[in-house]
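So the protein lines, in turn, are chains P and C. When you number the first sequence by this note's numbering, it's gap-free, plus one each residue, and the end is 407. When you number the second sequence by this note's numbering, it's gap-free, plus one each residue, and the end is 112.
Bear in mind the hints are in silico, worked out from the structure with no lab data behind them. If you're wondering where the values come from, they're calculated on a predicted model, not measured in any experiment. Take these hints with a grain of salt, some might be off.
Stated by the list, open to error - So, partial list: chain P residues that the calculated Cβ filter (under 8 Å) puts toward chain C:
no., residue
1, Ile251
2, Lys253
3, Tyr297
4, Ser403
Every residue gets a Cβ at the ideal spot worked out from N, C-alpha and C, and that includes glycine.
Residues per chain, in single letters:
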Amino acid sequence: MDAVLNSGDTAWMLISTALVMLMTIPGVALFYGGLTKKENVLNTIFLSFIAFAITSIIWVIYGYPLAFGTDVMGLIGNPMNILMNGIDVNALAPLAPTIPLLVYVAFQMTFAAITVALISGAVVERMKFSSWMVFVPAWITLVYIPISHWVWGGGWLAQLGALDFAGGTVVHLNAGIAALALVLLLGKRKDIRLLPHNLGYSVIGAALLWFGWFGFNAGSALSAGGLAGSAFLATNTATAAALISWVIIDIVKTGKPTVLGAITGAVAGLVAITPAAGFVTITGAIIIGLLVSVFCYFAISTVKARFGYDDALDVFGVHAVGGAWGALATGIFAAPFINSLGTGALYGNPGQILTQIIAILSVAAYTFIMTIIIAKVIDMTMGLRVEDKEEIEGLDTHLHEESGYRI
Amino acid sequence: MKEITAIIRPDKLEVVKEALQEIQCNGITVTEVKGRGRQLGITESYRGRDYKVDLLPKTRLEIIVNDEDLENVIDTIVKTAQTGDIGDGKIFVSAVEEVVRIRTGERGEKAV
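Based on the sequences and whatever the hints tell you, model everything.
Laid out in structure tokens, this is it:
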């Protein structure tokens, strides 16, 4: 690819960046907000908004240079360009040489923001807002930034050949494992039932996620061309397949299809196709989508019930399980005629599966341990959890002096 | 004089109200309430897990009638609020010792 600015690519990446921003606020915010009790709707939505704001600032101060700066021993980027100093507005991105570097910075910033916002779904209805405001910058700095460097910024997993088109390990596995670690420290809610107070919000949120995900996945082609189109179509196909497959599982297991099941299946499909979107054929996308609902459904209805952890809105069940499946499936289905950077087991490179497994296990282990450490320090200094009275009566009135509904 | 307390389905309020008006029973007090009957609510399923929702929204009507109108009003409510399914509600009847119309000071049956 010639290092010459292409205005078509640049326009598409600006749009994609805005689409990914839409996934966090209002996408994740509404998806999660509708699933909680009405006494916690504002707090739940607020967790996403504040996560987006905090990450936005960190990313332009030191986040981008540490994640995507010149590699230092495979572990972290060289932190030049603090506060974007030294970057000419017309400079082109080293990893995407037809678009301006500052557009690439903004695009990557939206990925960091949604990753941490996704974690909030596990901790809703009982975590202190002040602790969340400390957790977000700590986690972005110590967990997200190193991992995005390892996989995308030229770090050791990239050097090993791990494939992650748009964030199966960096975003979804990462967020899902962090969610699990956090809820293990935080403990169960007093009322652990999932009784959504307004499923309509969640439907709108899921629809915005699906829409925004085209920027997430097709944008990860980093250009407006054939690969972006292929990733776009694979994304939609896998999502549709996963929605249908969840609805069928619902009917088989309980006799009735549910709307929450359908939108959960759609999100699981989006998660699973994320690492694979720019590598697989339509057949691969359909198989990835059909199977992800089976794995996630099992994780949510059986594994969670068996072990009793209170992952309130199933962040681990959907994002860690779906993301791990997608990363593994990339190692199986990556087709070299779709993208020359990836060849999976089906096309004669069985070693790719091993590489994917190494990426999955190392990211999961690092995230789990670091998240436990961060959360433990916060718990010992300022406490993670709200008072019993605040939890029972709702976080909106107690933490924010506001109420979502006055009707 | 009797007080009729009727717990009915919220969606039946309009038809019950119209039917009561047709038999000249105009004075009603309506409250939105939550409750449960013998079947202890309903079961809802979210992401493959069942949850019991044991307090359902209902509508409560309070009506004071003279003794001779009692049966007619009860029949009207039963006929219009009935679907035959679980959750149709209940009617309670109790005696009323005195009724006073505040505007005029009238008492007893005249004030109903």
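Right, here's what the structure says about each hint:
no., hint, in the structure
1, Ile251, "violated (11 Å)"
2, Lys253, "holds (6 Å)"
3, Tyr297, "holds (6 Å)"
4, Ser403, "violated (19 Å)"
Figure legend: structure checked against the earlier numbered hints; hints not met, in rising order: 1 and 4.
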